[in-house]
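Colleague: Residue numbers for the sequence shown follow numbering that gives the first Met the number 0, so the first one is 0 and each next one is one higher.
Honestly, the hints are just simulated from the structure, not real lab data. Be careful, since some hints might not be right.
Stated by the list, open to error - Beta-carbon label-pair distances, calculated as ranges:
id, residue 1, residue 2, range
1, R279, P255, 18 to 28 Å
2, G56, E193, 37 to 47 Å
3, Q213, R68, 29 to 39 Å
4, G307, L111, 47 to 57 Å
5, R107, H65, 22 to 32 Å
6, L111, R70, 18 to 28 Å
7, P215, R97, 27 to 37 Å
8, D29, D331, 55 to 65 Å
All values reported here derive from a predicted model rather than from experimental measurement. A virtual CB, placed ideally from N, CA and C, is assigned to each residue, including glycine.
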Amino acid sequence: MRTTDCQSRANRTITVDFHDEATYFHLIDDRKAFVECVLAFLLALGFQLLHKATCRGGGCLTRHSHYARVRLGGITIWRLQCTTCRAVFTVLPHFILRYRQMRPDVARDALLATHGGLSLELCAVLYHISPMALYRLICALGQQSLVTALTRCGLPLPTYFLADEKHSRCLMDKVYLPTIVTGRILWHLGYTTEASAAAFTESYGAFQRAASQQEPSYRVKGALTDGFDSTVKSMRALFPGVRLGNCLRHALLKLPGKLVAIASPVRKALRSQFHTLLYRARQRKGLRVFALGQRLRHFVDHVTTTAGTANGERVRRWFREKKAGWYAVLADPQMPVTSTLLDQAHNAIDRKLFMMKAFHHPHGSQQAFLTGLAHLYNLVPYQRRAQHAGQCGVEVEGGRVPTADWMLNLQILTSGGFR
Numbered sequence: 000m001r002t003t004d005c006q007s008r009a010n011r012t013i014t015v016d017f018h019d020e021a022t023y024f025h026l027i028d029d030r031k032a033f034v035e036c037v038l039a040f041l042l043a044l045g046f047q048l049l050h051k052a053t054c055r056g057g058g059c060l061t062r063h064s065h066y067a068r069v070r071l072g073g074i075t076i077w078r079l080q081c082t083t084c085r086a087v088f089t090v091l092p093h094f095i096l097r098y099r100q101m102r103p104d105v106a107r108d109a110l111l112a113t114h115g116g117l118s119l120e121l122c123a124v125l126y127h128i129s130p131m132a133l134y135r136l137i138c139a140l141g142q143q144s145l146v147t148a149l150t151r152c153g154l155p156l157p158t159y160f161l162a163d164e165k166h167s168r169c170l171m172d173k174v175y176l177p178t179i180v181t182g183r184i185l186w187h188l189g190y191t192t193e194a195s196a197a198a199f200t201e202s203y204g205a206f207q208r209a210a211s212q213q214e215p216s217y218r219v220k221g222a223l224t225d226g227f228d229s230t231v232k233s234m235r236a237l238f239p240g241v242r243l244g245n246c247l248r249h250a251l252l253k254l255p256g257k258l259v260a261i262a263s264p265v266r267k268a269l270r271s272q273f274h275t276l277l278y279r280a281r282q283r284k285g286l287r288v289f290a291l292g293q294r295l296r297h298f299v300d301h302v303t304t305t306a307g308t309a310n311g312e313r314v315r316r317w318f319r320e321k322k323a324g325w326y327a328v329l330a331d332p333q334m335p336v337t338s339t340l341l342d343q344a345h346n347a348i349d350r351k352l353f354m355m356k357a358f359h360h361p362h363g364s365q366q367a368f369l370t371g372l373a374h375l376y377n378l379v380p381y382q383r384r385a386q387h388a389g390q391c392g393v394e395v396e397g398g399r400v401p402t403a404d405w406m407l408n409l410q411i412l413t414s415g416g417f418r
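Build the full structure now, drawing on both the sequences and the hints.
Modeller: Written out as structure tokens, the structure reads:
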């Protein structure tokens with residue numbers, strides 16, 4: 000027996016919008032018209048096909064072979080081939096899901112209900128499908144990298160982003176979801192069973208490798224964290240020279256915990272004064288870092304006078320640990336200030352994981368499942384009463400989606416044949 004591993008084939012499936020099934024069945028009988036329709040669709044999207052690395056261009060596409068999807072009534076699926084590099088592309092019509100018997104309209108309703116927070120079991124009852132079929136569909140969507148899908152929408156790789164970890168549970172075990180967010184976009188949603196710097200570096204490294212493949216000269220200038228040690232160490236290991244900031248909102252939330260054995264009104268008053276301190280430091284146009292340092296020293300003296308020497312010394316030590324991250328936030332105007340958008344993304348994902356028991360399986364495809372949920376978060380439009388009604392996160396951040404249909408966008412962007 001051979002002990003060497005077989006090299007996996009490149010996924011060169013492309014989803015093409017033929018508008019309706021009748022048009023597709025009419026075109027498959029005309030070789031020339033079929034190829035021209037596919038090329039016209041590619042030109043309309045502005046996408047390129049994922050040829051082999053040795054392809055120098057100058058060739059053309061020709062119809063290569065076909066096969067029948069027996070479980071879908073024997074629908075004929077054609078392949079195209081590049082005459083130069085011999086790369087073969089499977090042309091999948093928009094009304095067929097890759098390796099799935101499920102119809103796209105059923106998948107659309109089930110995925111929308113899933114995105115809204117319904118459990119897999121309830122979605123199965125509503126749309127007469129198996130819960131495992133829906134779980135596998137989400138995992139299939141998650142086979143495509145978030146970075147790859149988002150760059151296809153014309154979004155630039157983020158030079159400043161928010162990085163944090165979400166605590167969740169898989170059965171009784173505590174797990175962590177390292178996350179990277181820019182605006183309304185999830186660029187990375189990982190999975191690890193440990194909170195160590197090595198585990199976080201491995202998870203965030205998947206984003207770093209995918210971004211470097213898209214743009215070899217990619218560099219990160221700034222990252223905002225909540226100061227968690229493993230996240231900070233992983234960012235420094237993956238992105239040398241990055242400016243690391245500490246979230247100012249987390250600072251406001253942490254301050255009351257440093258003040259003990261004092262009355263609640265005094266604690267609230269000190270927190271309000273600390274909020275005013277950070278707000279005024281941000282409002283200054285010049286020398287904001289120096290203004291913050293002086294204000295922090297005065298605030299520690301005020302805490303010592305108001306709440307006692309022990310509280311003052313505790314706050315002083317905390318300031319000494321965190322002030323470098325606050326300085327980084329104030330020194331760079333492009334640096335994110337708070338992690339509010341990241342917390343919103345975490346809350347949205349948490350609502351789905353809480354309702355989806357399929358995630359809580361020790362031998363499941365957790366990473367693929369989470370990536371599929373992240374694709375839904377980025378591409379499903381907001382509700383009609385939302386601030387960005389009718390737009391998805393990609394459009395809100397200035398990206399361009401291929402079509403006006405979010406389900407078709409999901410099929411196209413998670414196909415492996417586009418570059």
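Colleague: Compare the structure with the hints numbered earlier in the document and write down the numbers of the violated ones, lowest to highest.
Modeller: Result: no hint breaks.
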